[in-house]
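Numbering (the working numbering), first residue to last: 1 to 166.
No wet-lab data here; the hints were simulated from the structure.
Keep in mind that the hints are not guaranteed to be accurate.
In the DSS-like style, the derived pairs of lysine-lysine whose C-alpha atoms are separated by at most 27 Å in a straight line are [said to hold, decoys possible]:
#1 47 / 10
#2 35 / 62
#3 35 / 74
Pair by pair, the computed Cβ-Cβ distance ranges are [stated by the list, open to error]:
#4 65 / 17: 34 to 44 Å
#5 79 / 2: 26 to 36 Å
#6 143 / 21: 34 to 44 Å
#7 40 / 18: 14 to 24 Å
No experiment lies behind these values; they were computed from the predicted model shown.
Each residue gets a CB set at the ideal place from its N, CA and C atoms; glycine is no exception.
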Amino acid sequence: MSKLFEILQKIRNKPGMYIGRASVSDLFHFLVGFKTALRELGIAATKEEMDFYQEFQPWLQKKYHVSTSNSWAKIIMLHCATEQEGFNTFYNLLDEYQNSNKNLEEKLFNEKSKIFVNKEKISQDNKYECIYSVANTPEEKQAFQEQFKSQNSDLTFDSCQMPNDK
Numbered sequence: 001m002s003k004l005f006e007i008l009q010k011i012r013n014k015p016g017m018y019i020g021r022a023s024v025s026d027l028f029h030f031l032v033g034f035k036t037a038l039r040e041l042g043i044a045a046t047k048e049e050m051d052f053y054q055e056f057q058p059w060l061q062k063k064y065h066v067s068t069s070n071s072w073a074k075i076i077m078l079h080c081a082t083e084q085e086g087f088n089t090f091y092n093l094l095d096e097y098q099n100s101n102k103n104l105e106e107k108l109f110n111e112k113s114k115i116f117v118n119k120e121k122i123s124q125d126n127k128y129e130c131i132y133s134v135a136n137t138p139e140e141k142q143a144f145q146e147q148f149k150s151q152n153s154d155l156t157f158d159s160c161q162m163p164n165d166k
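Produce the complete structure using the sequences and hints provided.
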């Protein structure tokens, strides 16, 4: 799990311990500082974290049908009476965003890569055989293998052939 989502879960469970109170504005400012601190320490953001930083606000604007340069915390507060309500709303929206994003990524990845995994051919050592994957580059092949491993942590990856592989 990424550092960002680890700390968000900790804050969700004990907001007073991390940001003083359950407040969406305080949470937003904490996360800006958190991101800055990681950057200053030379700790690179994960893909999941970068997706959140770059896509959560546009997703939220689309959801609420607003176009603004205000922060996601301000957008949420337009629909909430209290900071506590905004805090709770943020986590509900975060769950919704992550679930919709996960479903979309899986759909796009499977459609784009045209992956056919032989689930019948699970050997005794728990290996799937990827019969065919239309991966246009070695990077796409690597991305498929990494996604496969992350979604099937109890299995290992046996083989994946690109169309040009002999």
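Supplied distance hint 14 to 24 Å, evaluated on CB atoms of residue 40 and residue 18: Given about 19 Å between the Cβ atoms, the range holds.
Holds or violated: residue 35 with residue 62, Cα cutoff 27 Å? Satisfied, since the Cα-Cα distance of roughly 24 Å is no more than 27 Å.
27 Å limit on alpha-carbon distance, applied to hinted pair residue 35 and residue 74: Roughly 19 Å between the alpha carbons, so the hint for residue 35 and residue 74 holds.
Checking one constraint from the list: CA of residue 47 to CA of residue 10, max 27 Å. Satisfied? 20 Å, holds
Within 26 to 36 Å or not, the Cβ separation of residue 79 and residue 2? 27 Å, holds
Range hint 34 to 44 Å (beta carbons of residue 143 and residue 21) holds or violated: 41 Å, holds
Confirm or reject the claim that residue 65 and residue 17 have a C-beta distance inside 34 to 44 Å. Holds, since residue 65 and residue 17 (Cβ atoms, about 35 Å apart) stay within the stated range.
Hint check: no violations occur; every hint is consistent with the structure.
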